[in-house]
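Start from chain A and add chain B according to the hints.
Top line first, the protein sequences correspond to chains A and B.
My numbering numbers the first residue of the first sequence as 8 and each following residue consecutively.
My numbering numbers the first residue of the second sequence as 8 and each following residue consecutively.
Treat each hint with caution, since some may be false.
A pair counts as met if it fits within one copy or between any two copies, since identical chains are not told apart.
Unchecked claim - Think about it this way: if two alpha-carbon atoms lie no more than 30 Å apart in a straight line, the pair counts; the simulated DSSO-like pairs of lysine-lysine are:
| id | residue 1 | residue 2 |
| --- | --- | --- |
| 1 | Lys9 | Lys110 |
| 2 | Lys134 | Lys171 |
| 3 | Lys136 | Lys110 |
| 4 | Lys147 | Lys136 |
| 5 | Lys110 | Lys171 |
Hints listed in this document are in silico derivations from the structure and should not be mistaken for laboratory results.
Since the structure is predicted, the reported quantities are computational estimates derived from the model, not experimental observations.
2 protein chains.
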Amino acid sequence: MKYEEKFALYRNAAEEELEKSVVTDEKRCGGLIEAMRYSLLGGGKRIRAALVLEFCDIYGGAWKNALPAAAAIEMIHAYSLIHDDMPCMDNDDFRRGKPSCHKKFGEAEALLAGDALLTYAFGYAAKSKANPENIVRALKEMSEFAGCDGMCGGQYIDLESEGKNIDEATLETMHRLKTGAMIRLSGRIGAILGGANELEIERADRYCAKIGLAFQITDDILDVIGDEKLLGKPVKSDSSNDKKTYASFYGIEAAKKMADELFCEAKSIITEIDPKDDFLMGLTEFLESRNH
Amino acid sequence: MKYEEKFALYRNAAEEELEKSVVTDEKRCGGLIEAMRYSLLGGGKRIRAALVLEFCDIYGGAWKNALPAAAAIEMIHAYSLIHDDMPCMDNDDFRRGKPSCHKKFGEAEALLAGDALLTYAFGYAAKSKANPENIVRALKEMSEFAGCDGMCGGQYIDLESEGKNIDEATLETMHRLKTGAMIRLSGRIGAILGGANELEIERADRYCAKIGLAFQITDDILDVIGDEKLLGKPVKSDSSNDKKTYASFYGIEAAKKMADELFCEAKSIITEIDPKDDFLMGLTEFLESRNH
Chain A
8 MKYEEKFALY RNAAEEELEK SVVTDEKRCG GLIEAMRYSL LGGGKRIRAA LVLEFCDIYG
68 GAWKNALPAA AAIEMIHAYS LIHDDMPCMD NDDFRRGKPS CHKKFGEAEA LLAGDALLTY
128 AFGYAAKSKA NPENIVRALK EMSEFAGCDG MCGGQYIDLE SEGKNIDEAT LETMHRLKTG
188 AMIRLSGRIG AILGGANELE IERADRYCAK IGLAFQITDD ILDVIGDEKL LGKPVKSDSS
248 NDKKTYASFY GIEAAKKMAD ELFCEAKSII TEIDPKDDFL MGLTEFLESR NH
Chain B
8 MKYEEKFALY RNAAEEELEK SVVTDEKRCG GLIEAMRYSL LGGGKRIRAA LVLEFCDIYG
68 GAWKNALPAA AAIEMIHAYS LIHDDMPCMD NDDFRRGKPS CHKKFGEAEA LLAGDALLTY
128 AFGYAAKSKA NPENIVRALK EMSEFAGCDG MCGGQYIDLE SEGKNIDEAT LETMHRLKTG
188 AMIRLSGRIG AILGGANELE IERADRYCAK IGLAFQITDD ILDVIGDEKL LGKPVKSDSS
248 NDKKTYASFY GIEAAKKMAD ELFCEAKSII TEIDPKDDFL MGLTEFLESR NH
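Bound-form chain A, shown alone (with noise of 0.2 Å):
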């Protein structure tokens, strides 16, 4: 099957499975329920819950028996975003073109929809169809990646950095963190319930930190165009959203290089997976191309 087409169908799927996975009922808050599924039906393009399929299929699972487990990392990636968007952190007001989650319900509301969807992602992970310590293991991954040691680690160093010059190494760790392991959970998570070995999660993990950093670093460089479209003129490359980014710290040019040489190495690593396979290869070309 083709890229283009497998990813339709791995994207429909999950989009599937995420419209029956949080629903309402008589018993339920229907309010809170209304806030979470706002946010995690939002659009989105799902690239996480793609690569927990595709991963569970070449290892050997049938990619279906991931659903719930791809679901859950999309759940995770909502809740995150929705958290991210309060006044307390980014104020952000808008959010996939809508208005984000605090501003269409109330902050203290969209606080509980993002801790509710982080919550159920965990007992909806469970249901994915493998043996149960891969599904333990798969859990145990999910909260590691996801936590301070993973994703919340990351939007903590951003936090701390706003205002301040920080150093390469920073800069690497936070968009690792930050981006990076959710990515690489769900290539792990895929693995993991689709029956790979040590050395099988190992590759996935080693693709998805590739493709990761290069998807930030191509968002990063993608940020300053826009802004330069918008605003008619160069934006100083030290002052896109006053944050510090890859573009902004090395430069577009050099930060293209870079995105670049880190998609030719995720391509070298698809030949120690499978190199018959046309999916991850087309996922990395389309990912490429945002950078052209």
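Using the frame of chain A, we list chain B on its own:
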């Protein structure tokens, strides 16, 4: 072993487990870990942890096997207090006699510390020594009872009820979910990890539901009596913290009677669980003594 002795044993073991659960090391974000520890280790009666350990013990597991799950329940409890104290929720500056997490570390930091504790809890509970099927079930229940159908749901109802007249059924649902769900979860998880059958899990649940609600009612009463002592005059029973409580809804005497009945029912469930269990009887009598 007598109740007091056993409670001290459980409490100290839980405290020790918590102390070593979230630790600073050079690879971690020190500031985030500090905020997590501040709220996690800041006192607390550890009744939830003790219930996990006791029910594991009763149903045939070695109680120490459930220590990670007991610690995890306390992590979830700690996160809920951090988020509950935040300005957009109850806006409390103090917790257990010291500045609340957001007063000490900042709002965004408190938000992340809560998120990180909740995330950590699931991975930590998964370290319990039990067969993988039981661990998966325990984690599923943790997600269910702490999330939108449990604690988060109760907090949402509380939020939406502010300044409104609520009916008896809403008051009960709110308390059943907000406080009761985590107490029931404690008993259930202990029983599950100990290897209990369905009937035994259900007994643990029923006992915990009774003491959970009675505990909440007693807390409500003590709040009103505390206010009266503080102000040197009777407080109107409907003005306690401007919140709907059992004391304000039914009046203090009726609320006391309701709590007494619940304690009585709890004691009768102990005879189903194990008539020789001194710990549960001692715990129930201790909680009951707060009501007199």
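(message) Let me make sure I understand: some of the numbered hints might not hold for this structure. Which ones are they, in numerical order?
(response) 1, 2 and 3
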